[in-house]
Every structure is written in structure tokens, then in C-alpha cells.
Amino acid sequence: GAVVSQHPSWVICKSGTSVKIECRSLDFQATTMFWYRQFPKQSLMLMATSNEGSKATYEQGVEKDKFLINHASLTLSTLTVTSAHPEDSSFYICSASRGVEAFFGQGTRLTVV
Amino acid sequence: KNQVEQSPQSLIILEGKNCTLQCNYTVSPFSNLRWYKQDTGRGPVSLTIMTFSENTKSNGRYTATLDADTKQSSLHITASQLSDSASYICVVKGPFNKFYFGSGTKLNVKP
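Those sequence lines, one after another, are chains X and G. The first sequence runs 101 to 213 under my numbering. The second sequence runs -11 to 99 under my numbering.
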């Protein structure tokens, strides 16, 4: 089956630094990828839709300058959390669609200290 | 407003017992409905996907039902195992290829 790989699976960074998370579709091309954030005991919240070769579409309330998304190829999208703060600590998950199916990455646990 | 609501919020059952999770949605137009299993600290893994015309779909011990008229879906787990302990999320694909997530049901299977 289709696989979406996310890296790293966890990261700890200092407040004020930037962190990049990668999302790769391993055996299919994804023109669209999605980035979600999940706080403890809550559902996934869509942050943005990443479109290959064009600008990402951000959901209301998500700062585009803080959460930089790059979708430079059909198999790779990156999310960069810039100037991270402790309140950015969360579980970040990407997904990619192939046909009617949606596949999720393993998630990245970000802890900002 | 497009919404997906799941119940119960949490559930504790004994190993070997059956259980049923509910999902009600108001998403329109509706494209498909999926059930995912999410282990703690992991990304969701697909269990079933159902389109408008499908009423029932099984995947091993998991059986999903869909009533598109009443906009309700259920996920039935048979002969539960300890490894079934996880969050189960109902996701509905609506207009503009947007996914709407339920808040999930946290299932705890005890020995």
C-alpha cells in the first residue's frame, strides 16, 4: 500500500529556533499534501494544504509566516516552524491523497523548551 | 456547518467483548467516509473507506456501516483485543476535497 513517511518522528528545540519537518510520499506522487496539528486528547486540526509548485493554502488562524510550507516536488513537502515557542509544542502530522484514499505520516512530536 | 461528531468520547471494554462506535456528520456534499485507528503518538491508519453507495464494509474484525440518508456511520469491533486500544477517528471527505475530522473515540481494552 501507499506509504507516507514523516521525519523526524520527534524533535526537541530551543525557543526561538526553527524546525523543519519533512513529509514524503514513498511510492506515489502527491500533488497535494496536508499538514495537521494535534494537541493532546484533541482531534487533528488542518493547518494548511500544500500544493506542488504553488503556494500553500492556510486555514484561518494559522500564521503563514510562522509555518512555512514548501512543496517543491511531487513526493516531498516540508513544514518549517519558525521562531518556535513553547506553545508550538504539539504533534504535527502530514497526509497525502492517492485517489480516494488518504495516507498519513507517522507524525512528529515537537517539544519547544 | 460541516461537522463530524463521534460518540462515545471514550470507552472501556473487556478483552474479547464487542463494541460499536458512532459517527454522525453534517458534511455536504459528501464524498466518502473513513474510519482510522490512531495509536498514541502515531499517525492515523486507515481501517475502512466507504462511498455513498456502500452500506457495509469489513476489514477483519472491523465492520463499518454507513447510512447516507441519516448521515450516520458506525464502526463495530468484534472480539476485541488489547491491541485494539487506540483512538478511532471518523473522517468525512466533503466539498473542495476537504477532510472533516471527528474528535475521536478513545477505546481502552482491558484484560
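To be clear, the hints were calculated from the coordinates, so they are not data collected in a lab. Given the structure is predicted, the values throughout are model-derived calculations rather than measurements. Glycine included, every Cβ here is placed at the ideal spot set by N, Cα and C. Heads up, a few of these hints could be off.
[As the list claims (entries may be wrong)] Here are the in silico distance ranges between beta carbons for each label pair: (1) 64/G with 126/X: 40 to 48 Å; (2) 159/X with 19/G: 34 to 42 Å; (3) 5/G with 183/X: 18 to 26 Å; (4) 118/X with 64/G: 22 to 30 Å; (5) 19/G with 139/X: 40 to 48 Å; (6) 17/G with 115/X: 22 to 30 Å.
[Unchecked claim] Simulated crosslink set (DSS-like; lysine-lysine; CA at most 25 Å straight-line): (7) -11/G with 141/X; (8) 86/G with 141/X; (9) 155/X with 94/G; (10) 141/X with 94/G; (11) 155/X with 114/X; (12) 166/X with 114/X.
Consistency of the hints with the structure:
no.: 1; hint: 64/G with 126/X: 40 to 48 Å; in the structure: violated, 32 Å
no.: 2; hint: 159/X with 19/G: 34 to 42 Å; in the structure: violated, 19 Å
no.: 3; hint: 5/G with 183/X: 18 to 26 Å; in the structure: violated, 49 Å
no.: 4; hint: 118/X with 64/G: 22 to 30 Å; in the structure: violated, 45 Å
no.: 5; hint: 19/G with 139/X: 40 to 48 Å; in the structure: violated, 27 Å
no.: 6; hint: 17/G with 115/X: 22 to 30 Å; in the structure: violated, 44 Å
no.: 7; hint: -11/G with 141/X; in the structure: holds, 23 Å
no.: 8; hint: 86/G with 141/X; in the structure: holds, 22 Å
no.: 9; hint: 155/X with 94/G; in the structure: violated, 36 Å
no.: 10; hint: 141/X with 94/G; in the structure: holds, 9 Å
no.: 11; hint: 155/X with 114/X; in the structure: violated, 28 Å
no.: 12; hint: 166/X with 114/X; in the structure: holds, 16 Å
The structure is inconsistent with the numbered hints 1, 2, 3, 4, 5, 6, 9 and 11, although it conforms to all the rest.
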